[in-house]
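Peer 1: In case you want the letters, here they are:
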Amino acid sequence: MTDIPVITTTGLTKVYRSGDREVTALDGVDLHVREGEVYGVIGQSGAGKSTLIRCVNLLERPTSGTVTVAGQDLTALAGSGQRANPALRAARSHIGMVFQHFNLLSSRTVQDNIEFPLEILKVSRRERRRKALELLDLVGLADKAKAYPAQLSGGQKQRVGIARALAGDPKVLLSDEATSALDPETTRSILQLLRDLNRQLGLTVLLITHEMDVVKSICDSAALMKGGRVVEQGTVSELLATPGSELATELFPVTGDASADDRTVVDVTFHGEAATEPVISTLSRTYNVDVSILGAAMDTVAGKQIGRMRIELPGRFEDNVVPIGFLREQGLQVDVVERGTPNAASAAVLTKEVAK
Amino acid sequence: MSWNAMRDVLSIATLDTLFMVWWSTVWAVIGGLPIGILLVLTGPGRQLQNSPVNKVLGAIVNIGRSIPFLILIIALIPFTRYLIGTASGPSAAVVPLAIGAIPFFARLVETAVREVDGGLVEAAQSMGGGTWTIIFKVLLPQALPSLIAGLVNTIVTLISYSAMAGAVGAGGLGSVAITYGQQRNDMRFVGVTVVLIVIIVTVIQLIGDLVVRRLSARGSRASAPVRLLKSPKSRTAAPDPEPEARADTAKVRETADEAA
Numbered sequence: 629m630t631d632i633p634v635i636t637t638t639g640l641t642k643v644y645r646s647g648d649r650e651v652t653a654l655d656g657v658d659l660h661v662r663e664g665e666v667y668g669v670i671g672q673s674g675a676g677k678s679t680l681i682r683c684v685n686l687l688e689r690p691t692s693g694t695v696t697v698a699g700q701d702l703t704a705l706a707g708s709g710q711r712a713n714p715a716l717r718a719a720r721s722h723i724g725m726v727f728q729h730f731n732l733l734s735s736r737t738v739q740d741n742i743e744f745p746l747e748i749l750k751v752s753r754r755e756r757r758r759k760a761l762e763l764l765d766l767v768g769l770a771d772k773a774k775a776y777p778a779q780l781s782g783g784q785k786q787r788v789g790i791a792r793a794l795a796g797d798p799k800v801l802l803s804d805e806a807t808s809a810l811d812p813e814t815t816r817s818i819l820q821l822l823r824d825l826n827r828q829l830g831l832t833v834l835l836i837t838h839e840m841d842v843v844k845s846i847c848d849s850a851a852l853m854k855g856g857r858v859v860e861q862g863t864v865s866e867l868l869a870t871p872g873s874e875l876a877t878e879l880f881p882v883t884g885d886a887s888a889d890d891r892t893v894v895d896v897t898f899h900g901e902a903a904t905e906p907v908i909s910t911l912s913r914t915y916n917v918d919v920s921i922l923g924a925a926m927d928t929v930a931g932k933q934i935g936r937m938r939i940e941l942p943g944r945f946e947d948n949v950v951p952i953g954f955l956r957e958q959g960l961q962v963d964v965v966e967r968g969t970p971n972a973a974s975a976a977v978l979t980k981e982v983a984k
Numbered sequence: 153m154s155w156n157a158m159r160d161v162l163s164i165a166t167l168d169t170l171f172m173v174w175w176s177t178v179w180a181v182i183g184g185l186p187i188g189i190l191l192v193l194t195g196p197g198r199q200l201q202n203s204p205v206n207k208v209l210g211a212i213v214n215i216g217r218s219i220p221f222l223i224l225i226i227a228l229i230p231f232t233r234y235l236i237g238t239a240s241g242p243s244a245a246v247v248p249l250a251i252g253a254i255p256f257f258a259r260l261v262e263t264a265v266r267e268v269d270g271g272l273v274e275a276a277q278s279m280g281g282g283t284w285t286i287i288f289k290v291l292l293p294q295a296l297p298s299l300i301a302g303l304v305n306t307i308v309t310l311i312s313y314s315a316m317a318g319a320v321g322a323g324g325l326g327s328v329a330i331t332y333g334q335q336r337n338d339m340r341f342v343g344v345t346v347v348l349i350v351i352i353v354t355v356i357q358l359i360g361d362l363v364v365r366r367l368s369a370r371g372s373r374a375s376a377p378v379r380l381l382k383s384p385k386s387r388t389a390a391p392d393p394e395p396e397a398r399a400d401t402a403k404v405r406e407t408a409d410e411a412a
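The listed protein sequences correspond, in order, to chains A and B.
Following this note's numbering, the numbering of the first sequence begins with 629 at its first residue and continues without gaps.
Following this note's numbering, the numbering of the second sequence begins with 153 at its first residue and continues without gaps.
Since the hints were derived computationally from the structure, they do not count as laboratory data.
Since no wrong hints were added, every one of them can be taken at face value.
DSSO-like mimics (lysine-lysine), calculated; alpha carbons at most 27 Å apart, straight line: (1) Lys759(A) to Lys289(B); (2) Lys772(A) to Lys289(B); (3) Lys774(A) to Lys289(B).
The whole structure should be built from the sequences, with the hints applied where relevant.
Peer 2: As structure tokens, this is what we get:
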């Protein structure tokens, strides 16, 4: 992952007009997706996610704002006409897109479906065939070249969709709820495939989803959309460092009772920058305190710990100033969970909203 | 009239009917297909969105479809005479038949093309496909089964129109039924022409249905008539490239196992 932005939107706004009514689907969205990362946009239906991803390759023309993909300002390229001009079409052919309902041509075999974007690029028949078979091998469907989409399972169809999206050697893959029509197990395997492609090919993936699990399992960065606006965005560790971040609470949910007279409950947040020493046992041994872990949601990414832990220390806060200071010295974020902290409650609300 | 003489009259009339139907079908496709596609593509929110063109085309098609065919023939006599040099005979009848069938087929094309999933068009656009790509690689191939069904409907309608054209001197089976059946009161002619027309319509419908089933069976479990066409033996023996046949083979084996 590098810091080079590969997808940037600035002030992206989309207003649908029908008669006198105006619906603002996007309201000034600034998105920054860096090269080589998997970026997830999450939100309820109607939050504007679909419009956003369609604006990135200009399937929807934004009312105002700009879209830059791989250094190309697509909004300037497209001009003002409603029809896609050759310059925009050429740019689109290097942005792969996968769809919730796969959108495979039922009249073509799997191989011919993958060759379709190459036909648009006017690639020779032999080269198309070679590329299609190579891509089928990459997505693990080498034996299905001659099958028709109707003969495949949902997961297999989406693999074909992904292979087709990769045919134009894109730098960027847009995924429009690619796993929402799939069962949990298939979802995992498709996400794994996207992750592998991201790592092997250095492919930047921008995905939209309403499932927090998708963000949890493969995203390096995430944005939360509500009512056409991006209300939070950043890398997973940046989000964790943001006090009161809904996404962080949702990604790393911790439970457990709040502090009382005889105990101090604190949330320890690991941003991934802290050394990987066993902090809790060091704390316990050094200060001779009994630490109980009430709840934890942790991930280890590249040897660094990311996540949250809710721990209980005996005695009131005043008795625990020193151990808490030690934790802060280790580069961890420590928040005392007071009685009535709405943390857990708000997390539950968001879960319900997202589930809807 | 002897049966032999009757046979001559009827075979000439049948060929005339087939001639009229064939050429008017060709013109119906040449004219109706682009109009049908344009009707969809100039619609709101589509690639070639153009409200005036859409409305004018729609109006023309509606007018064309609402004129009763008999009146259309009469109204077009001057035009036909200008084009062909005469207003009677099979060649002249092709003109009103084609003009009557173009709006009919155009509406059927419109319906068929409109039913193609918008997601497929979006996918093609996301790959950088332009309008021609969308028409020739997405809309037409995906709508093909419905288009064929529409074509069969058009042909059957043209057969009945051609009989009507026979009433005003176009020749063909319709005029045989009138000149021999009605005017000379030889009811055998009426009976035989009806049978012949029924046979022609049935054959065309059967072929059409087969093609439609064949096309829409791609990938799904093939429907019965397709299976009847191929012997199970050829399916198992020949390296059939079609996957639907492979699926069938598996099925055939299953049934064989059960039987054993």
